[in-house]
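Given next are the chains, with one letter for each unit.
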Amino acid sequence: MKKILLLLSLGLIAASCNDDEVSINEEEANVNFRFSQNWDGEEIENSDYENTTYVNANGESMTLSKVNYLISDITFTSTSNGTVFDSGDYNLVLAREGRNLEFTPSVQIPEGEYTVSFTFGFDDEDNDKEGGYPDLNSEDGFWNVPAPLGGGYHYQRIEGTYINSASNVTSFQFHTVRANKHTTLPPGPDTLEELRDTSFSVNLGTVTIGSNTTIEVKANIAEWFKNPITWDLNSRFEVLMPNFQAQLDMNENGATVFSLGEITQ
Amino acid sequence: MSRLKNIFGLLFFILCLVSCSDSEPEEEYTATPLALEVPAFFESSILPPVIPADNPQTVEGVALGKKLFFDRILSRDNSISCASCHRLQNAFSDPRQFSIGVTGQEGIRNSMPLQNLAFNFNEKFNWDGSANSLEDQMFGPVTNPVEMDNTWTNVENSLQNDNEYPELFRLAFGNSRIDSTMVTKALAQFVRTMISGNSKFDQFLNGTATLTPEEENGLNVFLDEGRGDCFHCHGLPETPLWTDNAFHNNGLDEFFEDNGLGDVTGDPRDFGLFKTPSLRNLSYTAPYMHDGRFATIDEVINHYSEGLVFSETIDPLMKRVDEGGVQLTEEDKADLKAFLLTLSDPSFISNPDFQQ
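Here the protein sequences line up with chains S and P, keeping their order.
Sequential numbering of the first sequence, starting at 1, is according to full-length UniProt numbering.
Sequential numbering of the second sequence, starting at 1, is according to full-length UniProt numbering.
Don't take each hint at face value.
To be verified - Computed list of lysine-lysine pairs in DSS-like fashion (alpha-carbon distance at most 30 angstroms, straight line): (1) P/Lys-67 / S/Lys-181; (2) P/Lys-337 / S/Lys-181; (3) P/Lys-67 / P/Lys-124; (4) S/Lys-129 / S/Lys-181; (5) P/Lys-200 / P/Lys-333; (6) S/Lys-129 / P/Lys-200; (7) S/Lys-129 / S/Lys-218; (8) S/Lys-226 / S/Lys-181; (9) P/Lys-200 / P/Lys-124.
As the list claims (entries may be wrong) - Partner residues aside, some chain P positions facing chain S, computed with beta carbon under 7 angstroms: (10) Phe-41; (11) Ile-46; (12) Leu-47; (13) Val-50; (14) Asn-120; (15) Asn-122; (16) Glu-123; (17) Lys-124; (18) Leu-223; (19) Asp-224; (20) Gly-226; (21) Gly-235; (22) Glu-238; (23) Phe-255; (24) Pro-316.
Simulated from the structure, these hints should not be mistaken for laboratory data.
Yeah, the Cβ is synthetic: ideal placement off N, Cα and C, and Gly gets one too.
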């Protein structure tokens, strides 16, 4: 009998709640992001990988076989009161496979106008997180960076081929990581001299956030090889991870890669 | 009015519940759940094992899968079992370059080792990625003409007419009417238990073993982009699988007799791509490569050092292809081999749970 009474009262409570207003602040919403890649404005589709020839700023013909990059800490800063909403999460874009091209940070923000920014790669705090990231450890041919190079994770892997100065098809690996300087090369367990955080913040500008906003983030891959440093693949096409200056230069060139694309409400 | 209807509805539902609770419900059969024994390092560093919702691990399912794995009843003439080409002493691979099926005919690829397959997160199995789950993979060899050359109807009938199997299937799946899906599920359950995580290098990571100077240098070669650069496909100490479970053309041939992944996808960009094998248990898994062309680890290292061949789809991670490779010194080659051998796990091939 007790059981019946208990269930009845639970049922009545449930029924009486049914017609009430659900307590949700309807003005707060998630924001969706869509990532697209282009080469100087020309969209890079799956069919372009290994097929389409691009000419970089240094004049080399090149093809792409892989464009994967990590972004983190998408942040919304209110233009009216400076309130900051930071999801603190991350997204690994696997462009060729079309995976993770859409991403919704796990933060809800009130409708309004915001400056939107994110980090390319991981800053040191995220990069050195104790225990790491099992999902990144399981992804894309290992997203980790070897311990002798300072550990942490890749920021980006762009791979492909180019025609070198001897007219040979040559592979390149444009891997972006935290800059690591060594007393001697090749790197080993005792050669690491300096680590420098070469992740960087990308400011997409001001966006009006509504109840169902999607923001496109455009990545112009050509910019990695162009501005301000004209990248010469003939001299810097491989073994760039332990190349301290190459990582600093990637950091500089990265500043103009990302831009705000279409916004849909 | 709407609220009143809701109340009556709920009252009716509650009364049904209460009236049911006094009678004995018919108990639905469930096999005994069995957790996979996942090494702590796996649990902390990578995603959990892939276990399909419709095929949970159970004591009875694994036991049935094991019996099936070693039983020649799956083959057309009862001459071979899964274990004929996946031998425990070889980390469930085959020391022959090509395995031989019931007709005496050879296959065209080397038998892959069976280890840590529960952690194949992209769920593409076989050298060419032709199976989309472990269960799916189990369908292939039974009907392949150069392997077991059987039909599933025949397998189902053979098992159904056996003295033991109907009851074992009932215990595993609650149904003694045997079908191919249940067979593949049981086999997959058993194969998922084949977890290797106790090599010398694993012990080094948990502080119970030390590496020799040669093995340490070998690890450095492995992790050095300018020398081995093995890690981009085979992983690092931070990850326990030693394969990316992805597909690459690693510069074996200028032209392909076997298109590998390309024959599955139909995409010419995938011609000559094969799955990266794990480096675990290399001591037991010779010969190497998808076609077993290399009999020794030395031959494999020599291939990457000076034997690379250019082709249209060669992976950009293959370096200095025009010179044949990265030209490792003899010392680095020897040390790299010494390190690779630390990834072998004797306790895996002597595990009584895997013995017939």
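### Query
Should the hint that P/Glu-238 touches chain S count as held when the rule is a Cβ pair under 7 angstroms?
5 angstroms, holds
### Query
Does P/Phe-41 pass the interface hint, meaning its C-beta sits closer than 7 angstroms to a C-beta of chain S?
At about 11 angstroms, which exceeds the 7 angstroms cut-off, the nearest Cβ of chain S leaves the hint on P/Phe-41 violated.
### Message
Let's test the interface hint: is any C-beta of chain S closer than 7 angstroms to that of P/Leu-47?
### Response
5 angstroms, holds
### Query
Are P/Gly-226 and chain S close enough, Cβ to Cβ, to be under 7 angstroms, as the hint says?
Given a least distance of 4 angstroms, the restraint on P/Gly-226 holds.
### Message
Tell me if the straight-line CA distance from P/Lys-67 to P/Lys-124 falls inside 30 angstroms.
### Response
25 angstroms, holds
### Status of the P/Lys-124 interface restraint (C-beta, 7 angstroms, chain S)
Given a least distance of 12 angstroms, the restraint on P/Lys-124 is violated.
### Message
Please verify whether P/Lys-200 and P/Lys-124 have alpha carbons no more than 30 angstroms apart.
### Response
28 angstroms, holds
### Supplied contact hint for P/Leu-223, tested at 7 angstroms Cβ to chain S
Holds, about 4 angstroms.
### Task
Classify the hint on P/Phe-255 as holds or violated, based on whether any CB of chain S lies nearer than 7 angstroms to its CB.
The hint is violated - P/Phe-255 has no Cβ within 7 angstroms of chain S, the shortest such distance being about 16 angstroms.
### Query
With a cut-off of 7 angstroms, does the beta carbon of P/Glu-123 approach a beta carbon of chain S closely enough for the hint to hold?
Cβ of P/Glu-123 sits 12 angstroms from chain S, so the hint is violated.
### Message
Under 7 angstroms is the threshold here; is the Cβ of P/Pro-316 close enough to any Cβ of chain S for the hint to stand?
### Response
With a closest approach of 4 angstroms, the P/Pro-316 hint holds.
### Query
Holds or violated: are the alpha carbons of S/Lys-226 and S/Lys-181 at most 30 angstroms from each other?
24 angstroms, holds
Figure legend: structure checked against the earlier numbered hints; hints not met, in rising order: 1, 10, 13, 14, 15, 16, 17, 23.
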